[in-house]
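Which chain is which? The protein sequence lines are R and Z, in order.
Letter by letter, the first sequence follows residues 86 to 195 of this note's numbering.
Letter by letter, the second sequence follows residues 86 to 195 of this note's numbering.
Just so you know, not all the hints are guaranteed correct.
Same chains, same names: a pair is fine if it fits in one copy or spans any two.
Heads up, simulated DSS-like pairs for lysine-lysine below, C-alpha to C-alpha not over 30 Å straight-line [said to hold, decoys possible]: (1) K177 x K124; (2) K125 x K182; (3) K156 x K107; (4) K107 x K182; (5) K177 x K107; (6) K182 x K163; (7) K156 x K177; (8) K124 x K182; (9) K156 x K124; (10) K125 x K156; (11) K182 x K156; (12) K118 x K182.
Please keep in mind that the hints were generated in silico from the structure rather than gathered at the bench.
Protein chains: 2
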Amino acid sequence: MSIAATPEPPYYAVIFSSVRTKINDSYSETAQKMEELAKKQPGFLGIESARDGLGITVSYWRDLESIRNWKMQLDHEKAQEMGRDIWYQSYKTRIAKVERDYGFERETDI
Amino acid sequence: MSIAATPEPPYYAVIFSSVRTKINDSYSETAQKMEELAKKQPGFLGIESARDGLGITVSYWRDLESIRNWKMQLDHEKAQEMGRDIWYQSYKTRIAKVERDYGFERETDI
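Pulled out of the complex, with its shape left as it was, chain R reads as follows (with noise of 0.2 Å):
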């Protein structure tokens, strides 16, 4: 997992934000899936995730509109079904405009 390569704003980031049961069914293997599957969708333009307890998980949109047909996907829709029923203890989804960003990248490999 790597920093997303994302076009210059705006665009939009769907950050989740997640705790896990202890059940593991099939947890992992659906993770990844999903993950195979949001970059098919139209609209998509990266995701980073990263979980020490707490999970954070932000992809990254061109507009609204791709937001809300992902959200809707089939296959994703009974995914998202799974985590309300075992896969998550709590968790939250937030919607936001990035207006603006910038970074750094190292030379070399230190």
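Start from chain R and add chain Z according to the hints.
The following block gives chain Z in isolation, referenced to the frame of chain R:
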């Protein structure tokens, strides 16, 4: 670390995605100190953080002025400089306006 209890949108998110170098000199202490310091700034609303390889820290703020003031806070400026000098291989900061949020909380632990 848990999901931040942010107020009703709109508010702002600073999404800081980073890849660390192998150099740890006082990184953890400084990160901890910066988190404590951020919490004391005017307009601070919450913070969420996770790292496994990629690090993602999302801090939430009332408005752009609060973000600007925090970016220019003197100890924070020094930490940012150390970040570019030794701690980070690369990073990206995205300033985003949270327009909508929704969540889920399980009644009982499973």
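Outcome of the hint check:
1. For the identical chains of this complex, K177 and K124 are neighbours both inside a copy (21 Å) and across copies (20 Å), given an alpha-carbon limit of 30 Å.
2. In the homo-oligomer, the alpha carbons of K125 and K182 lie at most 30 Å apart both inside one protomer (21 Å) and across protomers (26 Å), since each shortest distance falls under that limit.
3. Taking the shortest alpha-carbon separations for K156 and K107, only the intra-copy value of 25 Å comes in at or below 30 Å, while the best inter-copy value is 38 Å.
4. Proximity of K107 and K182 under a CA criterion of 30 Å is satisfied in neither setting, with 33 Å inside one chain copy and 33 Å between copies.
5. With identical chains, the CA atoms of K177 and K107 are at most 30 Å apart within one copy only, with a shortest distance of 18 Å there and 32 Å across copies.
6. For the identical chains of this complex, K182 and K163 are neighbours both inside a copy (26 Å) and across copies (29 Å), given an alpha-carbon limit of 30 Å.
7. Both within a single protomer and between protomers do K156 and K177 lie at most 30 Å apart by alpha-carbon distance, with minima of 14 Å and 26 Å respectively.
8. For the homomeric pair K124 and K182, the shortest alpha-carbon distances inside one copy (19 Å) and between copies (23 Å) are both at most 30 Å.
9. Only within a single protomer do K156 and K124 lie at most 30 Å apart by alpha-carbon distance; the minimum there is 13 Å, versus 33 Å between protomers.
10. Within a single copy, K125 and K156 get their C-alpha atoms as close as 13 Å, which meets the 30 Å cut-off; across copies the closest is 36 Å, which misses it.
11. Taking CA atoms no more than 30 Å apart as the test, K182 paired with K156 passes in both settings, with 17 Å inside one copy and 20 Å between copies.
12. When the C-alpha separation of K118 and K182 is checked against a cutoff of 30 Å, the pair qualifies both within a copy, at 26 Å, and between copies, at 29 Å.
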